[in-house]
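A.B. asks: Take the sequences, apply the hints, and build the full model.
Each chain, letter by letter, is given below.
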Amino acid sequence: METGANTDYYKKTAMFWSDMIAMMSSKPTTLSAVGPLRNLSSNLKKITNELTEANKEIVEFNNFLIEYYKQLADTWTGAQKEVSSKVTKVPQNEEGAEAYKRVWIDIFENNFTGLFDSKKFSENYNKLVSTELDLLKRWNTITDVMLKSANLPTKQEIEEIYEELHNLKIRITKLESSKKKD
Amino acid sequence: MSEKRFDPKLIGEFLNFSRHLAEAPMKVSVPHEVEIGSTQFDVVYKEDKMRMLHFKPLTEKQVRTPLLISYAIINRYHIFDIDPKKSWVKNLLEQGFDLYLIDWGTPSKIDKFLGFDEYVNRYLDNCVDFIRNESGVEKVSIQGYCTGGTLATVYAALHPEKVKNLIVTAPVIDGWKDTTVVSNIAKYFDADKLVDTIGNMPPEFIYYCFSILKPFEQGVEKYIKFLNNVDNEKFVDSFLKIEKWLDETPPIPGELFRQWIKGIYQDNLLIQNKMYVGNKHVSLDNLDMPVFTQVAVGDHLVSPECSMPLHYAISSTDKILKLYPTGHVGMIASSFSQKTVLPELGQWLKERS
Chain E
1 METGANTDYY KKTAMFWSDM IAMMSSKPTT LSAVGPLRNL SSNLKKITNE
51 LTEANKEIVE FNNFLIEYYK QLADTWTGAQ KEVSSKVTKV PQNEEGAEAY
101 KRVWIDIFEN NFTGLFDSKK FSENYNKLVS TELDLLKRWN TITDVMLKSA
151 NLPTKQEIEE IYEELHNLKI RITKLESSKK KD
Chain Y
1001 MSEKRFDPKL IGEFLNFSRH LAEAPMKVSV PHEVEIGSTQ FDVVYKEDKM
1051 RMLHFKPLTE KQVRTPLLIS YAIINRYHIF DIDPKKSWVK NLLEQGFDLY
1101 LIDWGTPSKI DKFLGFDEYV NRYLDNCVDF IRNESGVEKV SIQGYCTGGT
1151 LATVYAALHP EKVKNLIVTA PVIDGWKDTT VVSNIAKYFD ADKLVDTIGN
1201 MPPEFIYYCF SILKPFEQGV EKYIKFLNNV DNEKFVDSFL KIEKWLDETP
1251 PIPGELFRQW IKGIYQDNLL IQNKMYVGNK HVSLDNLDMP VFTQVAVGDH
1301 LVSPECSMPL HYAISSTDKI LKLYPTGHVG MIASSFSQKT VLPELGQWLK
1351 ERS
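Sequence order for the protein chains is E and Y. FYI, in the working numbering the residues of the first sequence are 1 to 182. FYI, in the working numbering the residues of the second sequence are 1001 to 1353.
These are computed hints drawn from the structure, not numbers from a lab. A hint or two may mislead.
Claimed, not checked - Computed far set for chain Y versus chain E, every beta-carbon distance over 12 Å:
(1) R1051
(2) D1083
(3) E1094
(4) F1226
(5) E1248
(6) D1288
(7) P1309
(8) K1319
(9) L1321
(10) K1322
Claimed, not checked - Distance ranges between label pairs, derived from CB positions:
(11) E/T88 / Y/P1008: 16 to 24 Å
(12) E/N63 / Y/A1022: 42 to 50 Å
(13) E/N63 / Y/S1135: 58 to 66 Å
(14) Y/D1042 / E/A150: 42 to 50 Å
(15) E/E160 / Y/K1280: 26 to 34 Å
(16) E/N63 / Y/K1009: 47 to 55 Å
(17) Y/L1323 / E/T7: 54 to 62 Å
(18) Y/K1339 / E/N110: 25 to 33 Å
(19) Y/T1106 / E/E164: 16 to 24 Å
To be verified - In silico lysine-lysine, DSS-like type, Cα no more than 30 Å apart, as pairs:
(20) Y/K1056 / Y/K1164
(21) Y/K1164 / E/K174
(22) E/K174 / Y/K1109
(23) Y/K1085 / Y/K1046
(24) E/K180 / Y/K1162
(25) E/K180 / Y/K1280
(26) E/K174 / Y/K1262
(27) Y/K1009 / Y/K1222
(28) Y/K1262 / E/K56
(29) Y/K1234 / Y/K1339
(30) Y/K1322 / Y/K1164
(31) E/K56 / E/K155
(32) E/K45 / Y/K1193
(33) E/K119 / Y/K1222
(34) E/K46 / Y/K1109
(35) Y/K1109 / E/K148
C-beta atoms are modelled at their ideal positions from N, C-alpha and C, and glycine is treated no differently.
C.D. replies: Below you can see the structure in the form of structure tokens.
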């Protein structure tokens, strides 16, 4: 089976069983659990879903990370080869050591700046960051589910309060400036 | 078989370096304990995390028009006053300028909604109004450095009636023409996703961008140079101050970062006169006041090609573009800036103040 089909299979299996368990246990849970635990059991499905989806992103993240280090390693090897070809005749004395250091730094600087300036680096790096952010989003959702279960304000709710405060500040500033004009 | 012989001087060098490496912790202060900034000031205005500093005068007579410095949104303002001998602030005070500086502060999560509108039309505008009231002048001179130069440019375009002179030092203007590594990352960056997921742009990401700018000169050579100079008090003092300054980067408010990446680097709205801030059109044609554009030829953070287009896009007839053979930081905090950049700026500004 291919990776995509594998992921789908595991996802479906996980969702099936978490749904089944939730259905089977819903009545006794409702009867026996009060407060946060009841919330947690009903939100278990969301957590399972997030974790299953995260698997796909972890694979993607790893691929971009491997490519990132590959680009760095290739550039390092290329630069080192260039250095070796240029410094074979440098004498082993104080001046020679200084010259070697200068050549080494210049060549490495040029090669790595070339890499960081390239489209391939920028594209891969940004995909890497983007997948990392996807994973973070999943983690945030899981945290929100847990916070909700504990009857605490979620990240999203805190954000809403921040936004509300921000808008209030704007309104106050406008009122203050119109009062000044009057 | 030939016997390999090493130059004794080379061995001496190596032993010396090892000695410095071992002795450095005893000889050098802990970087975080180093004091930066020496010129005295009062905090005359505060709003949210932002503060405006008013430096105490160093001359009896002062230039009539006050000068407000809009610092960048990356790192802290201390670079303008990091070392008394290389202090931008001290030099301007000695030239007789009445000097104010904006410290944007350290935004926290609650500040993630702050964007260009708040920075320009609220903070900067309120600072300018405060100075106008205090000094009894109609207009003030504004200098903006790096991203602070962009904010100052947008401000001057939206409120030209309050700006006597505009000085922009390495401003980020034409994002498409920027040839730096920073712009290469910014071109493909998903700012929406970062802001929606994290909120503010974290300092760690800014450190990453710094680290790939000149990885070997900045990341390797400068530390070798430092270790070779641990006995040189002046060198060590200057090195630690700069390192401490580099290490204190605040986060960037999420909304401002989003607008910056998309508006300046990806869509390049400012130079095309397509930018809107607080529903107001930012037209560079409104820049009819005297404008001094300072550009560093060796700038690897904001390339000269990115800053220079401002000079050609504005309507002002009294404008000057100066290219200096130095780098981004060298232009404001070096012996070169003391000898060349600041005297030229001071003279230009005095003639128009």
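A.B. asks: Are the hints correct? Go through all of them and say.
C.D. replies: Hint by hint, here is what the structure shows:
no.: 1; hint: R1051; result: holds, 17 Å
no.: 2; hint: D1083; result: holds, 26 Å
no.: 3; hint: E1094; result: holds, 37 Å
no.: 4; hint: F1226; result: holds, 15 Å
no.: 5; hint: E1248; result: holds, 23 Å
no.: 6; hint: D1288; result: holds, 26 Å
no.: 7; hint: P1309; result: holds, 20 Å
no.: 8; hint: K1319; result: holds, 31 Å
no.: 9; hint: L1321; result: holds, 26 Å
no.: 10; hint: K1322; result: holds, 26 Å
no.: 11; hint: E/T88 / Y/P1008: 16 to 24 Å; result: holds, 23 Å
no.: 12; hint: E/N63 / Y/A1022: 42 to 50 Å; result: holds, 43 Å
no.: 13; hint: E/N63 / Y/S1135: 58 to 66 Å; result: holds, 60 Å
no.: 14; hint: Y/D1042 / E/A150: 42 to 50 Å; result: holds, 47 Å
no.: 15; hint: E/E160 / Y/K1280: 26 to 34 Å; result: holds, 28 Å
no.: 16; hint: E/N63 / Y/K1009: 47 to 55 Å; result: holds, 50 Å
no.: 17; hint: Y/L1323 / E/T7: 54 to 62 Å; result: holds, 56 Å
no.: 18; hint: Y/K1339 / E/N110: 25 to 33 Å; result: holds, 31 Å
no.: 19; hint: Y/T1106 / E/E164: 16 to 24 Å; result: holds, 22 Å
no.: 20; hint: Y/K1056 / Y/K1164; result: holds, 22 Å
no.: 21; hint: Y/K1164 / E/K174; result: holds, 26 Å
no.: 22; hint: E/K174 / Y/K1109; result: holds, 23 Å
no.: 23; hint: Y/K1085 / Y/K1046; result: holds, 29 Å
no.: 24; hint: E/K180 / Y/K1162; result: holds, 18 Å
no.: 25; hint: E/K180 / Y/K1280; result: holds, 22 Å
no.: 26; hint: E/K174 / Y/K1262; result: holds, 27 Å
no.: 27; hint: Y/K1009 / Y/K1222; result: holds, 22 Å
no.: 28; hint: Y/K1262 / E/K56; result: holds, 29 Å
no.: 29; hint: Y/K1234 / Y/K1339; result: holds, 19 Å
no.: 30; hint: Y/K1322 / Y/K1164; result: holds, 19 Å
no.: 31; hint: E/K56 / E/K155; result: holds, 24 Å
no.: 32; hint: E/K45 / Y/K1193; result: holds, 25 Å
no.: 33; hint: E/K119 / Y/K1222; result: holds, 28 Å
no.: 34; hint: E/K46 / Y/K1109; result: holds, 26 Å
no.: 35; hint: Y/K1109 / E/K148; result: holds, 21 Å
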